[in-house]
Amino acid sequence: MSHDVAVLGVGMHPWGKWGRPFVEYGVHAAREALRDADVDWAEVDLVVGGETIRNGYAGYVAGATFAQALGWNGARVATSYAACATGAQALDTARARILSGLSEVAVVVGADTTPKGFLAPNAGERWDDPDWLRFRLLGMTNPAYFALYARRRMDLYGATVEDFAAVKVKNAAAGLANPNARYRKAVSTDDVLSSAVVADPLHLLDICATSDGGAAVVLSSMEYARRHGIASPVRVRGISTVTPSFPQTVIEMPNFSTDSTATVPAPDLTFKESIAYAAYEEAGIGPEDVSLAEVYDLSTALELDWYEDIGLCKRGEAEQLLRAGDTSLGGRVPVNPSGGLACFGEAVPAQALAQVCEVAWQLRGQAEGRQVEGARVGITANQGLFGHGSSVLLSV
Amino acid sequence: MSTLPAIEGWFTGGQSPALLGSRCTSCGTVFFPRLTSFCRNPVCAGTDFDEVEMSRRGTVWSYTDARYQPPPPYLPRTDPYVPFALCAVELPEGIVVLGQVADGYGVDDLRVGAEVELVVEPLYSDETGERSIWRWKPVTELGEEADR
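Chains as they are written, first to last, in our numbering: chain A, 10 to 405; chain B, 1382 to 1529.
What the hints contain is simulated information worked out from the structure, not anything from laboratory work.
Hints are supplied without guarantee of correctness; some may be wrong.
Which chain B residues face chain A? A few, computed with CB under 8 Å, are given here [what the hints assert, rightly or not]:
{"no.": "1", "residue": "I1388"}
{"no.": "2", "residue": "G1390"}
{"no.": "3", "residue": "R1421"}
{"no.": "4", "residue": "P1452"}
{"no.": "5", "residue": "V1478"}
{"no.": "6", "residue": "I1514"}
Selected chain B positions facing chain A (in silico; Cβ < 8 Å) [unchecked claim]:
{"no.": "7", "residue": "R1415"}
{"no.": "8", "residue": "N1422"}
{"no.": "9", "residue": "D1446"}
{"no.": "10", "residue": "P1451"}
{"no.": "11", "residue": "L1479"}
{"no.": "12", "residue": "Q1481"}
None of the values given here were measured: they were computed from a predicted structure.
All C-beta atoms in this analysis are idealised placements derived from N, C-alpha and C, irrespective of residue type, glycine included.
Assemble the whole structure, with the sequences as input and the hints as a guide.
Laid out in structure tokens, this is it:
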């Protein structure tokens, strides 16, 4: 049985630091997606909203907030919370209801308005909360975790700060033509290396900002798409929302430690490897078929980790791929043709959906100024705090 | 004014301080921070744990530093802020544990795979006194500290 569902439309509110209520961005994105799909809001029978969060704390908004703002239409509603993976989980929820026949056409929407500076825990003392304790006891910020992964690449695989800068330079160049990107400015290696070091070896320009933004996807059954007159829509072929397998051996936000391998050996795949693997397996598509990827470059160095995690190359070979230009626009398998988080900054509940929007535009040949020629298959990958896998595999 | 641990029950003091973990009495899996409720090994139904002192030495998994003052609830020790280093350490128990790096050491004193040892040092002071925390100290000259 086919597990495919159709991406009928995608839409975004441009990323920025607009300072307006996130509901506005979400509604703007949803209306854009509905217009793109040529679907009436009244026909939508399911709304799935991504909750806005602050460093892991859910609860600021549910799907119903967007449903009300779009105008109550009686649709079923669901809300997802999976930190950075929220969008993928929301999409998976919509897909499940569509594939079961319980819903036909869904709007999946996420939006965020972000505070300035480091993401920090909510106020109050929580001595049993690792996300609070890591700041109190260690001063361990998010960039510090990114820096651990970056430094490990340098010591183990010979990555250099110039390699990390090259990721930023590449993504900045790709994002120049993206009307939804917040930062549309060419960046040089010198720009990156002369920016302040935040957490050695990462410079300010190696680390993504936090942004306001909104993204939405109109998802439907293949049958609905046919009735709608779209014979070969972009299809969702696989969605991975996997959790880690015990023992989880890579230190990860917001934890103080990994699991121990003393009694149970480490699994064959790391958690991040297992994320894309599950999407490939579900779709029956392999990394060799991928035309482009949108991965979560919270830091430049993290993008290199993802090359390996999603199977574009073997462990330790990401720098070679980057240096050869394979992952640049015009290369063998462009990564982050949207400009990535480097050009967007992160709007947590919207970001995984924004990745899907970009892949959809690429597969439809509508990514003006940043188009990957002949794109047939695209994959997104990201990892949400607390053990949330996120990968969406799409094809035409 | 006395020195108290910044968090109760996570590490010991004295000449040879150690992190306090727990070992499942059913499957033997070790956890840090301590686990006292349900074993997280998915094939183990264990609910009883022994308190164990974790190994005091391990090897560096990776390291970084905090060039800017972390946001609250981090409590700065000095004004102006002085950056400190952080390190993830792989212990013989097959577990990687984070910690700050001992006073006086920075990223230039570390490399992946290097040996470090656990020490306890002041983290911050408040009206109730000084609070201490575990830290990782590079073992610079092998032999010199192994005698302790």
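Evaluated hints:
1. The beta carbon of I1388 of chain B comes within 6 Å of a beta carbon in chain A, closer than 8 Å, and the hint placing it at the interface holds.
2. Checking G1390 of chain B against chain A by beta carbon gives a least distance of about 11 Å; that is not within 8 Å, so the hint is violated.
3. For R1421 of chain B, the suggested interface contact is upheld, since its CB lies about 7 Å from the closest CB of chain A, less than 8 Å.
4. Annotation: interface hint on P1452 of chain B holds; nearest CB of chain A at approximately 4 Å, less than 8 Å.
5. Because the closest C-beta pair between V1478 of chain B and chain A is about 5 Å apart, less than 8 Å, the hint holds.
6. Here the hint on I1514 of chain B is kept, as its CB sits about 6 Å from the closest CB of chain A, short of 8 Å.
7. Restraint check, R1415 of chain B versus chain A: the minimum CB separation of about 11 Å is more than 8 Å; hint violated.
8. About 6 Å separates the beta-carbon of N1422 of chain B from the nearest beta-carbon of chain A, less than 8 Å, and the hint is met.
9. With a least beta-carbon distance of about 5 Å to chain A, the hint placing D1446 of chain B at the interface is held under the 8 Å criterion.
10. The beta carbon of P1451 of chain B is positioned within 8 Å of a beta carbon in chain A (closest approach about 4 Å), and the interface hint is therefore held.
11. Given the 8 Å rule on beta carbons, the hint for L1479 of chain B holds: about 5 Å separates it from the nearest Cβ of chain A.
12. The interface hint given for Q1481 of chain B holds, since its Cβ lies 6 Å from the closest Cβ of chain A, which is under the 8 Å cut-off.
In the structure shown, a violation is registered for the earlier hints numbered 2 and 7, in ascending order.
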